[in-house]
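Peer 1: Each chain, letter by letter, is given below.
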Amino acid sequence: MNAPIRILIVDDAATVRMYHRKILLDAGWQVEEACNGVEALERVHVHDGEGGYDFYVVDVNMPRLDGYSFVRELRRLGDAYQAPVLMVSTEARRGDTSAAFAAGANGYLVKPASPPELVMTAALLLGQGEAALAAAARIAPTRAATQGAAR
Amino acid sequence: MGLKKPRSGADLRPIAERAYARDEAGLGVQLDDPDPALRRWAARDLASHPGAGRRLCARLLVESDPSVREALFTSAAQVGGHAVVDGILPLLRSEQPALRNGAIELLGGLPDVVAPRIQALLQDADSDVRIFTINLLGNLSHPGVPQWLVQVLAREDEINVIGAALEVLAEVGGPETLEPLRAVRARFGDNPFITFAADVAIERIGSA
Amino acid sequence: MKTEAVTAAPIITEADFKKFTEYFYRKTGIHFDDSKRYFVDKRLVDRIGATGAADFRAYFVGLRFETDGRELQNLINSMTVNETYFFRECYQFDCLVNHLLDEVVAGKRKGDRVRIWSIPSSTGEEPYSIAIYLLERWARIDDFEIEILSSDIDSKVLQAAQDGIYSTRSVAQLPKSYLNKYFTPCANGDWRISRDLVESVEFSRINLTEAGDTRRFRNIDVVFCRNLLIYFDDLSRRVAAEAMYDALNPGGFICLGHSESMSRISSLFRVRRFPDALVHQKPLEDRT
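Residue numbers (the numbering used here), protein chains in the order written: chain A, 128 to 278; chain B, 819 to 1026; chain C, 2 to 289.
Because the hints were derived from the structure by calculation, they are not lab data. Computed from a prediction, not measured in an experiment: that's the story for all the values here. Idealized CB from N, CA, C, for every residue including glycine. Honestly, I wouldn't trust all of these hints.
[Said to hold, decoys possible] Quick look at which bits of chain B chain A covers, simulated, 3 or more residues with Cβ under 8 Å:
no., segment
1, 908-919
2, 946-958
3, 975-989
4, 1001-1013
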């Protein structure tokens, strides 16, 4: 059996961290938190072994070091630090998604993500297609899932 | 060799000729030098000049070196005052997160000067500006903060602006905010994030 | 018959604890989980009493909305351990002699200077610990000229550092052989450090937040600034870190206290993980 998936949530908003934490824990993953990009980099280094975490959920707007800069610094650490990164942001403006991918992120969700949206996107980026479908089936779909699409 | 005290009277640094005067005018010119190290020193030294606010903010609009930016923000925060607030506010609309967040942090430390500007910002046409203003309220030590946030809840329709307000209210809300919180929770009852955030705020406030 | 009003100790509910720990974490980076409930509650109750607040809510409102940061500083003081003693957090000294110095001297030639800055000196335990570590545990000490600088804002402690008298408690972590080698016992049970060690440290009185005081400190290779910045307000912390950044050579290192982080201070330093410790490094070259 594989080692449990460890996810780092990077967001300066405590409530958002709690919200994402609950969703990801319910999906069966392990979760740790950091409140800005500098703290996230420190946690990456403290984490046992090479490579940091298995997955990152990263907010764009944070004090000290923003999300794009964190992802750039993470990728610079080397080949072992290329785990998938999902950026989340309140912005849906022009250029933001391309900025995320240019920094080295693998996905982009506009906040607030519904539980199925977050879990499925995470599972897909983790290469767990079947797990994504199973997780989505477990979580009762809400109207918010369709609401998120209409902005 | 081994442990050796510096020779008494010896300078810890090599003496170099200053290219610029260390008065406010000279430092202002040094702030545009091609060498980022010199720009950073100029930014640091301007912290002790109360009239340097405008100059520091003007440089922030065009500075790309992170070490100079940090010094500019730190020095502008030390100078404070209306000129700094006026010069920094435009950064809330910047495309660059580092500049926006530096502005939010700086403004959060100047409660009395910033307070009169808050209402206009909370009603800005750009929802992101409204969100960033609420972020800055999160660090602002001003008694008006809880009431301003209640007003946001009453008039906002943007989910993320409401979410930002709920975040701060969880920390600063008092018993008088419980009713508006319940009202928002009812209004957005089908949004999992809003209901979650409202519940957190209600839980935090509800005791005592 | 007189009845006395009995004041019950203020209650800290679970929700209060969460509100407080989230706030404290945001401000300091220090995270208290449920296992620290007793520790935190006790100290909160103390602070509520000390400030004359009616209950936790009143205390928290006062804390959250104060403009001078004073109660937050008192709170941080009460939540952290402030004791100084020889070889405190010595894993960082291990890191210094096992890894940091090797990187520092990689670009230096024999006979070149290595400069270490210890702030605050307090009563001297830290700079003298560094000196002892270098003498006893760094093989290459004789290849370079090592300057140990140490500064504090308080002239009383600087004087005590130069007097060099320490209690048994202060020297308790030292191996016996070091104690006997570098100290002589006093009649009252205290220990006096050797004059050679006192003379090997350059002490100075400075205010870390005054640019005029710190400007002359340059070409530093390693800074030890442990358990100091946490007691500063947000802005002073950044000003102090700014001074230390510019004091450092490119590639120079800074060691913060065990529970401290750069995350509330500056984004300019790179995090480096060594087997013994996590340290922060001034980049070797510009990366915009």
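Peer 1: Would you mind marking each hint as holding or not holding in the structure?
Peer 2: Tested hints:
| no. | hint | result |
| --- | --- | --- |
| 1 | 908-919 | holds (count 5) |
| 2 | 946-958 | holds (count 4) |
| 3 | 975-989 | holds (count 7) |
| 4 | 1001-1013 | holds (count 5) |
Hint compliance for this structure: no hint is broken.
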